[in-house]
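Engineer: Listed below, chain by chain, are the residues.
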Amino acid sequence: MAEPTKQEIQAVYPTVAKTIADALGCDVDQVKLDVSLIEGLDAESIDFLDLVFRLERAFKIKIPRGKIVEDARGDLPEAEYEQKGIVTEAGMQRLRAFLTEVPADRFTTPLKVADVPRLFTTETFCKLVVRAQHAAATAG
Amino acid sequence: MSGHFSAYSFVDRITELQPGKYAKGEFQVPVRVARFPSTLVAEAAGQLAAWNAMAFLEYKVRPVAGLASEIRFGPEVRPGQRLDIAVSIDTCELDAVSYSASVDAEGVRVLELDNSVGPMLPMEEFDSPSAVRERFELLCGPGAPSGRFQGVPQPDVEVVERVPEQRVVAMLRVPKEAAFFDDHFPRRPVYPGTLLLDAHIGLSLQFAGESKRWPMGTRFAATRVLGMKMRSFTAPGEILELWVDVDPPSDPTKSKCKTGVRRNGKTVATGGIEITARSSN
Chain A
1 MAEPTKQEIQ AVYPTVAKTI ADALGCDVDQ VKLDVSLIEG LDAESIDFLD
51 LVFRLERAFK IKIPRGKIVE DARGDLPEAE YEQKGIVTEA GMQRLRAFLT
101 EVPADRFTTP LKVADVPRLF TTETFCKLVV RAQHAAATAG
Chain B
1 MSGHFSAYSF VDRITELQPG KYAKGEFQVP VRVARFPSTL VAEAAGQLAA
51 WNAMAFLEYK VRPVAGLASE IRFGPEVRPG QRLDIAVSID TCELDAVSYS
101 ASVDAEGVRV LELDNSVGPM LPMEEFDSPS AVRERFELLC GPGAPSGRFQ
151 GVPQPDVEVV ERVPEQRVVA MLRVPKEAAF FDDHFPRRPV YPGTLLLDAH
201 IGLSLQFAGE SKRWPMGTRF AATRVLGMKM RSFTAPGEIL ELWVDVDPPS
251 DPTKSKCKTG VRRNGKTVAT GGIEITARSS N
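Residue numbers (our numbering), protein chains in the order written: chain A, 1 to 140; chain B, 1 to 281.
Hints listed in this document are in silico derivations from the structure and should not be mistaken for laboratory results.
A hint or two may mislead.
[Unchecked claim] Below, a list of computed lysine-lysine pairs in the DSSO-like style, where the Cα atoms sit at most 27 angstroms apart: (1) LYS258(B) with LYS18(A); (2) LYS67(A) with LYS60(B); (3) LYS62(A) with LYS21(B); (4) LYS21(B) with LYS60(A).
Let the sequences and hints guide you as you build the complete structure.
Structural biologist: Next comes the structure, spelled out in structure tokens:
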């Protein structure tokens, strides 16, 4: 499936930003495209769940649960992606390739699997929405 | 574990069930309870959704309070009334169940709940999977005996800051011991989010009653809860800070508030409460 383009990301960004602001109770101006939701906006795991449901309603799309993490791992078998809760070197390569919106210096090692969501930015969620739109279009 | 499946359980019977899709059930509010707050009606709806989801996912996980986009409260339920509960499950997966629900009492709609989400956590952490399975089978069969619920204590709330017409802050002392902790949950006692909401609604109603905006004798009821989000668990004995910020008036019969709960400066829950004023006549 084609990767989201800059234009597609920009097209969904205003609604994604408003949805994030509503979910986190922050000002929409704080929701920059490159802000980390956890480190920059104090999001917690319940907020990610909230956000996914809100994005589904806002865009009338279906986002399977755990979709970001699943997509991030791609076709890499779980045993090659992580060992004892730490992302492997192969897993790190895969994450860097998938989360292109995240600056390289934020991929610190060792990276716990549980800390992968710390990398997610507003753009990560824009891409999630665009991929879901692509999937819906493909499905018919 | 004497209060297990009784001290904070609000489904007596499951009358219709399609696992992962919908369920209908009943709960008889005992005649002798002093009060049955509307938030317990919401709890009953959440519990019916939970029974459905737990059975669908083979008792590996159980949902806990998480999100509710909107809860609309109708007339208060009276002791002795029977609740007819219906839940419609939108999605049910290992990380969360999302559902909507409605509850009637003697043919009158007393609660509607839209877009609720219960995050799933490992069942073993909270309860015995086999005990939960057995209980579910009982509920789907002859049903549990009614009258088990003994009521809940009034929340211990003390106002510590008050800015008339604008803001009120109070401390909520969660009891160290209470019967409902035996049921919610047997292996990990957690102060129920619906009791926290009840305390918050009580504080909001009290503050509305102090307002000069309304004529003397006006009665108030919480009619809606919006965007409720529970961020963390509250253990027995904890002290919480409840705050209520009243929005500038925009409707002659309503007062809307933003509300939150903090523990040691960290947010535990957020949401909004709408209070409706009713003339005393």
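Engineer: Could you work out which of the previously given hints the structure breaks and list their numbers from low to high?
Structural biologist: none
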